[in-house]
Amino acid sequence: MTLEEAIPLIVGHSMQPRVFPIFLMAVIAVLNVALIFQIVRSPVSRRDWEPIQTWASAGLLLLFFLLAKYIDTLVALVIVMFMMSIVWGERRIWVAAILALGTTAFIFFSFDQILQVRFPRGLLTDAYYG
Amino acid sequence: MLTDALGAMFSVLGDPSLLLLIFITTIGGVIIGALPGLGATTGAALLLPFTLTMDPVHAITVLTTIYVSATFAGSITAILINTPGTAAAAATCLDGYPLAQRGEAGRALGIAVVASTIGGIFSVVVLAIAAPLLARVAYEFRPPEYFALTIFGLAMLASISQGGAIRNLMGGVFGVWLATIGADATTGVERFMFGNYDLYEGLNFIPVLVGLFAISELLVQSTTLNQVFERISMKAVKLPTMADYRKIWKAVLRSCGIGTFIGILPAEGATVASMIGYSEAKRWSKTPEEFGKGAVEGVAGAEAANNAATGGAMVPTLVLGIPGSGTTAVILVGLLVHGLRPGPHLFTEQIEKVYAIFGAMFVANVMFFILGLFAAKLFARVTLVPRGMLWPVVLAFSVLGAYSLDQAMVDVYIALIFGVIGYLFRRFGFALAPVAIGLILGEMVETNLQNSLKMFDGQWWMIPMQPLAALFLVLAVLGISQPYILGYLSRRKAAQQQK
Chain R
1 MTLEEAIPLI VGHSMQPRVF PIFLMAVIAV LNVALIFQIV RSPVSRRDWE
51 PIQTWASAGL LLLFFLLAKY IDTLVALVIV MFMMSIVWGE RRIWVAAILA
101 LGTTAFIFFS FDQILQVRFP RGLLTDAYYG
Chain X
1 MLTDALGAMF SVLGDPSLLL LIFITTIGGV IIGALPGLGA TTGAALLLPF
51 TLTMDPVHAI TVLTTIYVSA TFAGSITAIL INTPGTAAAA ATCLDGYPLA
101 QRGEAGRALG IAVVASTIGG IFSVVVLAIA APLLARVAYE FRPPEYFALT
151 IFGLAMLASI SQGGAIRNLM GGVFGVWLAT IGADATTGVE RFMFGNYDLY
201 EGLNFIPVLV GLFAISELLV QSTTLNQVFE RISMKAVKLP TMADYRKIWK
251 AVLRSCGIGT FIGILPAEGA TVASMIGYSE AKRWSKTPEE FGKGAVEGVA
301 GAEAANNAAT GGAMVPTLVL GIPGSGTTAV ILVGLLVHGL RPGPHLFTEQ
351 IEKVYAIFGA MFVANVMFFI LGLFAAKLFA RVTLVPRGML WPVVLAFSVL
401 GAYSLDQAMV DVYIALIFGV IGYLFRRFGF ALAPVAIGLI LGEMVETNLQ
451 NSLKMFDGQW WMIPMQPLAA LFLVLAVLGI SQPYILGYLS RRKAAQQQK
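Protein chains in written order, with this note's numbering: chain R, 1 to 130; chain X, 1 to 499.
Everything labelled a hint here was simulated from the structure, so no lab data went into it.
This list has only true hints and no planted wrong ones.
Computed Cβ-Cβ distance ranges for the label pairs, DEER-style:
id, chain 1, residue 1, chain 2, residue 2, range
1, X, 386, R, 126, 31 to 39 Å
2, X, 482, R, 126, 52 to 60 Å
3, R, 18, X, 474, 27 to 35 Å
4, X, 381, R, 40, 43 to 51 Å
5, R, 41, X, 286, 36 to 44 Å
6, X, 384, R, 30, 46 to 54 Å
7, X, 457, R, 30, 22 to 30 Å
Cβ coordinates follow ideal geometry from the N, Cα and C atoms, glycine included.
Next comes chain R alone, as it looks inside the complex:
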């Protein structure tokens, strides 16, 4: 289809579904150019790289996604909470373990029993729900 054959942007009384998103992307592009000019005029100071804990925390979010998708959401939550406490400086392994297990158990039972929310199927929930 050529440009001439393409459906006009405003047809009859209204506009095509693609018009508004295209307009928004054009506005973002213009603002981007303005931002580049602003930064060239007043350069931003050099930023340091993120500390290792931030990369590790982002990695733990990815790990949560993988564990929740392929194993079990609750298992993912326990593991990621525990590892996050350790990465963030908690030296008492037993405290991190109790926090991860206790919080997850509290959330699971309060959601399941009080709010009647069913958790997604996985290793543990298959055994619990049957």
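Position chain X relative to chain R; hints supplied.
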């Protein structure tokens, strides 16, 4: 009808379950507000999914109580450890911490509590009077007026202090673009779904807000784990003396008006209000040289303004469906989820519920006054909780909150993705409130533009020819250009002073 509404407002006092809910939520809100990094917006975003099973009045009461109590509570850590618990308390650090350093932390907190309460109650009274009046005006609004009003709301993002005008506008437009994801409401054409039918109805607000505010804050907190807070001890909170009242009463009254007005403007909110309240307190003070060294007027001006903005921000949120701040953007989502569609009809068909919410906000202001006077020292101790224990719990509640909406894991994954996006936004100097406001206004912008074009047979130039629409569009232009005009004027003034 007015008598029924006022009856509903006062009926809050006779409902023990609601009073207990307000009390518990006020404690939660003070804890959330006192913890650096959490704040009213993140707290409301985290709690929103857990209100889904509540009665609408109770649910909105939870969200508004978190809003008012967390806004006050940011002053606790601002005064005691020179780190604002919320962005709205940043101005309080300037004079609150110096007061604490010279042994007057109790006095500073007492002034903050009193000023916040007066500001909050003043704005609730204005809200109860102004909102129904504005609703009557809003009955005259048609699609062109609503379209121009949403453009004005988005344009005001330019003047939010965090981020800078261009970045804030980019964030707002990005948020509006996010709202186009999914099937077009009119034609059913799929947009930006990339074959994923989980996105057919677009992005759910709650997972996006949880990701943007809570999960991104988790990543931000991970960058400052080595930061040590110098803590100042305090014996007890002291009510201001008569001499203090004589010093601060003008600043408090002025800031009540400033904060309420700023709150009513779309997208501004408590942070902008507190900074303007502080600077006006300094400008009108007889002793401006004391500011920055422990001026009680500085604490009073900032705190009265930020809590006054809470009621003001609810006016456009309830009447027009345009958030007055980042937190009211979350509250707006709560209203929609609970069937309280903002707009003039809310004030005719469900006015008792609206006034019950006003009554609950009034009670919440009184509750945090009492808790602030007697328990601020206790709440300050929450900052001793190691972040390695606190933030994994926040992650757990974020995940559960995102999941509980539709019980779909795709919402959890969306929250995680927006957590990373939110972190990157903040890393490169973009504020997040504009994205949230843009996302919520996005559908309103497009729908009203579509309906306006239908009204005028595709002649889009008829939109700015409607008087009210033209007014809002002119205000939008002023809103976008305001940072540049003010910058030019201040540079000219500085150049003249140098001469």
